[in-house]
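Here the protein sequences come in this chain order: A and B. Heads up: the first sequence begins at 1 in full-length UniProt numbering, then just goes up one per residue. Heads up: the second sequence begins at 1 in full-length UniProt numbering, then just goes up one per residue.
Simulated from the structure, these hints should not be mistaken for laboratory data. Among the clues, some could well be false.
EDC-like, lysine to aspartate or glutamate: derived pairs with alpha carbons at most 16 Å apart [as the list claims (entries may be wrong)]:
| no. | chain 1 | residue 1 | chain 2 | residue 2 |
| --- | --- | --- | --- | --- |
| 1 | B | LYS73 | A | GLU421 |
| 2 | B | LYS73 | A | GLU35 |
| 3 | A | LYS382 | B | ASP23 |
Not close to chain A: a few residues of chain B, all C-beta gaps over 12 Å, as computed [unchecked claim]:
| no. | residue |
| --- | --- |
| 4 | THR6 |
| 5 | LEU26 |
| 6 | THR102 |
| 7 | GLY124 |
As the structure is a prediction and not an experimental result, all values here were calculated from the model. Backbone N, C-alpha and C define an ideal beta-carbon position, used for all residues, glycine too.
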Amino acid sequence: MPIQNPNPNKKKKKHSNQDDDEDDTVQGKQQTQFEFCKVCRLNHNQGRRHIYFPNHKKALSSFLYRFQSKFKNDVAFYLKKPMPLRPEHAALNRLWCVFCDFDILEYDSSFACGNAIAHLASAEHLKGLKSFLWKYGGGMDRMDSFRISESDFTKWEKKCKLLKSEAAGGGSHGSLIGPLNDIHNESKSEYVNSFDKNKLDCLTSDVKCSNSVVPLQDHTIERSQISHSKICTVGPQILHAGTGVGLGARTPNGLPGFFGNQHYTHSVPKEGPAYSCPNDGKVYPYEGIAIGDGHSQGTSSEESRLQSLQNLTQISSSAQENGGGNVHSGAPPPWFSAAEKIQLDNKLNQGLGDLVSSLGEQMKTSKLNPKRVGAAWAERRKIELELEKRGELVRHDFGADWLPNFGRVWQSGSRKDSRKEFLGENKTWRKVDSQIEKPSQLQPYISKRMRTENTAE
Amino acid sequence: MNYLLTTLTKKQEVDSMIRDTIDKVLVLCFGRASDSIFLQLDEILYKSVREVSKFATVALVDIDSDDVQVYVKYFDITLIPSTVFFFNAHHMKMDCGSADHTKWVGTFLRKQDFLDVVEAIYRGAMKGKLIVTCPLPPDRIPKFHLLYEDV
């Protein structure tokens, strides 16, 4: 393997025939085998150098960050608060251990993330983690953030045991909000419990099931209607079926102006958080709540919400312009007068044009590497050309003897020397040329024999 | 000489060419119009001029003209066609595995070879390197024997 130049910036002055006299490097060739970097997801033949490259470092930090977030949100939460794992949620609780390259499934564990916690606390995982960090250069000090220590693991196990014993004893469910009737107890409790469960699962498993839609935390329209209608039947009244015939029934509490089965588009004068579209002065009520009632048998939160809505009044739509437009249609605000608007538009357009052109220039100049070959010369020359264009600077002839920066073949020393050498050589040649002024007279060749014969004769 | 690229015959032309090509590679090919290899090189250059036009300029120099002999000697041109690369008036060297790194001797076997070479020069120059390695495999580089100094 060729030895790479350790310090390319050193100027070496060797008297050899190599041209290593300049501060430049010949790129070294690495002849290692190709290997796959799991972090950058690419094949490279750079061997151990690869892990120190900035691209790899960036990829590694994002890679570890992703795993760490899964670990924190997910596993760490369950480590502190072990929870029983229901079979239907088991499919969501998988974890891929990136260090050991293996998928941790939860089908046969009784606690959420049980298998994952067990794996992360194990010795094999530690081994895998160490080898990963060595291979991909993660920094051995961060090891503890990717594994579970034995003390934590034992604590978790104790908590799990406690939970198991509790469950065997048959503890009660969460708090029930108590309506009078048994039927309603059941129905309410179902809703309440299922909502709790959904909330928890969603919070904790959002990393896992990030593709799935998070269910609504609040009552939807239908649910609230149904629940309210059920509650309403407690009182001595008429069943509201959500949509139905407008019978003008009186509500249990005799709320003014409420007709439980009104159609949605009719303005019901309650609705504060109405999504009113000022273009047509209609008011779209926030529907399910409109049907509501202040029944004491409803849950307290719902009751208070209804109360607050009822206190708001409807804004009349009489003061709307018919063709004026509004925020939604993108029209300018009314405090801009028409004349000013035109001026503003013009200015904007000009400004944009200038901006674009100057940006283009800036982009061009800022892109060029200041370390590129001949950068200083190029900058000077550009200025010169610009001045010449403007006619300020008269073009000065750079002389017939100008020679570019050239490194000669059999040359040692810097390129300036090469020019001097050349000029020196030129002078000697000229001298040589001038000396040969008188051409020698050509004479025919006479051999020795002939000469001796001549002389003899 | 319409079938050739811009051919320079005077030193002053060559000088202005070198000095006015800013932030682009200047490819100067020295040769004789009657030489078949030079014509082949010219053919390849002609096809590629437009493609490299954003980062390179190509020009031919006729070595038979007297004005240019200074350059012929300065650049040590002994075999033709020879191509010398410049960037911002600085000479760029390329290590092709031969003894002479200062110029490219001979023609290119393919148009793509020429493009690769010019690209390598440009990349090296932009990074601030005065010498670059040739991206072509050795079988695509024309071989020649360099005459030694004292011969």
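Tested hints:
1. Taking the CA atoms of B/LYS73 and A/GLU421, the gap is about 12 Å. The hint holds against a cut of 16 Å.
2. Distance check on the hinted pair: B/LYS73 and A/GLU35 sit about 50 Å apart at the alpha-carbon level, beyond 16 Å; violated.
3. For a cut-off of 16 Å, the pair hint linking A/LYS382 to B/ASP23 stands: about 10 Å separates their Cα positions.
4. Separation of B/THR6 from chain A is adequate, the least Cβ-Cβ distance of about 18 Å exceeding the 12 Å criterion.
5. Non-interface status of B/LEU26 relative to chain A is broken: a Cβ of that chain comes within 12 Å, the nearest being about 10 Å off.
6. For B/THR102, the non-interface assignment is contradicted: its Cβ lies about 5 Å from the closest Cβ of chain A, within the 12 Å cut-off.
7. Some Cβ of chain A comes within 12 Å of the Cβ of B/GLY124; the nearest lies about 8 Å off, and the non-interface call is violated.
When the structure is compared with the earlier hints, violations turn up for hints 2, 5, 6, 7 and for no others.
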